[in-house]
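Colleague: Listed below are the residues making up each chain.
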Amino acid sequence: MKWLKKLQTIDSKIIYLVLFFAIALPLIFPIGIPVEINAGTRTFYDTIDNLPKGSVILISYDWDAASAPELLPQATAITKHALTNGHKIVALGLWYAGPTFADRVHNAVAAEVEGKEYGVDFVNLGYRPGGAVVLNSMARDFHQTFPEDVNRTRLSEIPLMKEVKDINDIDLIIDLSAGDPGYRAYIEQIGSQYNVPILVGCTAVSVSGITPYLQSGNVGALLGGLRAAAEYELLIDTPGLGLGGMDAQSVAHLTIIAFIIVGNIAYIATKKKK
Amino acid sequence: MRREVPIIVTLIAGLLFLLDYFIKIPLISGIVGEFETWAIVISAFALGLGAANLFRIHLQKAIKKSEGWYNSVLLLVSMVVMAISGIGWTQTNSIYSYMFDNIFVPINGTMFALLAFYLASASYRAFRVRTPEATVLLVSAVIVMVGNAPVGRLIWEGFPGYSSWIMSVFNSAGMRGIIIGASLGAIVTSLRIIFGIDRSYFGGQ
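First to last, the sequence lines map onto chains D and Y.
The first sequence stops at residue 1665 when you use the numbering used here, and every number in between is there.
The second sequence stops at residue 202 when you use the numbering used here, and every number in between is there.
In isolation and in its complexed conformation, chain D is listed as follows:
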């Protein structure tokens, strides 16, 4: 049968076109598929929620624009939650683009949470090359590793950084990671040497690599991909980019599965005929 063979070899361009509409249409016309909150996201949220007011959270922006659709909503939701709860944030990046995204998140969230001031409630230390070495060095001395923040202000002149000298002054580390250097560097260089809990937010494709660290307790909780961002937005009651993308993700997944099923039905039917 000709059509059975055709179903097995659908042109890539047709698949791309169908997928394009599967992603674009739910973004333009939201369906509103309900999102259930995962236990992992709940643990992540509770960890920040249970910190005493005024705790210092280090957020590491280890990603670039390629992962922004998944990690930017996570970063925004976490930052909003932390600042609303009265915690202080020290942001930095092991990836060159990280601090610019931190700047975007800080500007967006500071406008929503009243009375939050740069230098007092949050600070952006910028990017340092060197990967894991930066973490080891920073753990000993923040001021030596990052003499200035992203705006070229001396750390000694920033009120928040007067309280933060080394890793013992940090209450929680959140690594938003899209690869290397990222969560593994934090686990190896800080988690294994110092008593600071580490939480990880990552892209959906990285979840499988982090799961063993989560099970062993090296990572306290994990936010995986856009779905976790959407769940977090629900928890803090601030719908954003995460929830907005959930319908598109659902429809895109179903479309890919539909193609796989069609291909297999055609394959089995052709095989039986032979």
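Rather than coming from a laboratory, the hints here were simulated on the basis of the structure.
We treat Cβ as the ideally placed atom computed from N, Cα and C, and that holds for glycine.
Keep in mind that a hint or two might mislead.
Quick list of in silico lysine to any residue cross-link-like pairs, SDA-like style, CA-CA up to 25 Å [said to hold, decoys possible]:
{"hint": "1", "chain 1": "Y", "residue 1": "Lys58", "chain 2": "Y", "residue 2": "Asn105"}
{"hint": "2", "chain 1": "D", "residue 1": "Lys1553", "chain 2": "D", "residue 2": "Pro1588"}
{"hint": "3", "chain 1": "D", "residue 1": "Lys1556", "chain 2": "D", "residue 2": "Ser1583"}
{"hint": "4", "chain 1": "D", "residue 1": "Lys1507", "chain 2": "D", "residue 2": "Ser1583"}
{"hint": "5", "chain 1": "D", "residue 1": "Lys1556", "chain 2": "Y", "residue 2": "Ala119"}
{"hint": "6", "chain 1": "D", "residue 1": "Lys1397", "chain 2": "Y", "residue 2": "Ala138"}
{"hint": "7", "chain 1": "D", "residue 1": "Lys1556", "chain 2": "Y", "residue 2": "Leu16"}
{"hint": "8", "chain 1": "D", "residue 1": "Lys1553", "chain 2": "Y", "residue 2": "Thr34"}
{"hint": "9", "chain 1": "Y", "residue 1": "Lys21", "chain 2": "Y", "residue 2": "Pro129"}
{"hint": "10", "chain 1": "D", "residue 1": "Lys1556", "chain 2": "Y", "residue 2": "Phe32"}
{"hint": "11", "chain 1": "D", "residue 1": "Lys1553", "chain 2": "Y", "residue 2": "Ala138"}
{"hint": "12", "chain 1": "D", "residue 1": "Lys1396", "chain 2": "Y", "residue 2": "Pro129"}
{"hint": "13", "chain 1": "D", "residue 1": "Lys1393", "chain 2": "Y", "residue 2": "Asn105"}
Which bits of chain Y does chain D cover? Going by a derived footprint, with three or more residues having C-beta under 8 Å, they are [said to hold, decoys possible]:
{"hint": "14", "segment": "30 to 36"}
{"hint": "15", "segment": "49 to 61"}
{"hint": "16", "segment": "85 to 92"}
{"hint": "17", "segment": "110 to 123"}
Now the in silico label distances, taken between C-beta atoms and shown as ranges [as the list claims (entries may be wrong)]:
{"hint": "18", "chain 1": "Y", "residue 1": "Ile81", "chain 2": "D", "residue 2": "Glu1539", "range": "24 to 32 Å"}
{"hint": "19", "chain 1": "D", "residue 1": "His1534", "chain 2": "Y", "residue 2": "Arg127", "range": "32 to 40 Å"}
{"hint": "20", "chain 1": "Y", "residue 1": "Arg127", "chain 2": "D", "residue 2": "Trp1394", "range": "15 to 23 Å"}
{"hint": "21", "chain 1": "D", "residue 1": "Gly1635", "chain 2": "Y", "residue 2": "Met108", "range": "17 to 25 Å"}
{"hint": "22", "chain 1": "Y", "residue 1": "Thr107", "chain 2": "D", "residue 2": "Ile1419", "range": "15 to 23 Å"}
Fit chain Y to the supplied structure of chain D, relying on the hints for placement.
Modeller: Coordinates of chain Y only, in the frame set by chain D:
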């Protein structure tokens, strides 16, 4: 001496770092801290060297008007403007921000987004029930994909649970094996470098 000195420096640095990782002795921690500062400076120089090399290659292409020379000119202009605006006036200045938001983010994002389209096409072609192993892979992939999307629960309550079971049991066991294997390899390679058995880092002499 050209061979001995790097080996001795590597041996001393390696042993100091190893010792400091497990036992915190203030004197050794101080020395290791200095080494780390040097390492950060060297990393910054390495980045600069990479940029200089890229600049040299594309400048040559532009001068010689090789094929696609205009792309090289575009790269050089973008590189210079981004570098001057970012390094000269910090990453928060308006020129850097404009280029970051309107050029870098869309281009970088598009590169990764295209993967989704390739992935859809590749999974349609690759996931066929040709063998029992391929069938297991196909069924697992479908369960994980449906289970991870919010629509999964609407289709069947069991999807999220089975998806999480596959990820936390089978995937985790496989990943743990890979991580342990890679780590053992890294330990052995590190020891070989520290003790001067592996000398590939200075030209394989």
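Colleague: Is lysine 1556 of chain D within 25 Å of leucine 16 of chain Y, Cα to Cα?
Modeller: holds, 23 Å
Colleague: Please verify whether lysine 1556 of chain D and alanine 119 of chain Y have alpha carbons no more than 25 Å apart.
Modeller: violated, 50 Å
Colleague: Assuming the hint says 15 to 23 Å, is it satisfied by the Cβ distance from arginine 127 of chain Y to tryptophan 1394 of chain D or not?
Modeller: holds, 21 Å
Colleague: Measuring from beta carbon to beta carbon, are isoleucine 81 of chain Y and glutamate 1539 of chain D in 24 to 32 Å?
Modeller: violated, 18 Å
Colleague: Verify this for me: three or more residues of the segment 85 to 92 of chain Y with a beta carbon less than 8 Å from a beta carbon of chain D.
Modeller: holds (count 3)
Colleague: Check the hint pairing lysine 1396 of chain D with proline 129 of chain Y against an upper bound of 25 Å on the C-alpha distance.
Modeller: holds, 22 Å
Colleague: For the pair we were handed, lysine 1553 of chain D and proline 1588 of chain D, check the Cα-Cα distance against 25 Å.
Modeller: Roughly 22 Å separates the two Cα atoms, so the pair holds.
Colleague: So if I understand the rule, the pair passes when the alpha-carbon distance is 25 Å or less; does lysine 58 of chain Y with asparagine 105 of chain Y pass?
Modeller: Roughly 24 Å between the alpha carbons, so the hint for lysine 58 of chain Y and asparagine 105 of chain Y holds.
Colleague: Check, residue by residue, whether the segment 49 to 61 of chain Y contains three or more positions whose beta-carbon lies closer than 8 Å to a beta-carbon of chain D, and give the verdict.
Modeller: Three-residue rule not met by the segment 49 to 61 of chain Y, so violated; n is 0.
Colleague: Given a hint of 15 to 23 Å, does the C-beta separation of threonine 107 of chain Y and isoleucine 1419 of chain D actually sit inside it?
Modeller: holds, 19 Å
Colleague: For the hint 17 to 25 Å, verify it against the beta carbon of glycine 1635 of chain D and that of methionine 108 of chain Y.
Modeller: For methionine 108 of chain Y against glycine 1635 of chain D, whose Cβ atoms are near 22 Å apart, the range 17 to 25 Å holds.
Colleague: Can you confirm whether chain D covers the segment 110 to 123 of chain Y, using C-beta to C-beta distances below 8 Å and requiring at least three such residues?
Modeller: It holds: at least three residues are needed, and the segment 110 to 123 of chain Y offers 9 whose Cβ sits within less than 8 Å of chain D.
Going down the numbered hints, you'll see the structure goes against 4, 5, 9, 11, 13, 15, 18 and 19, while the others check out.
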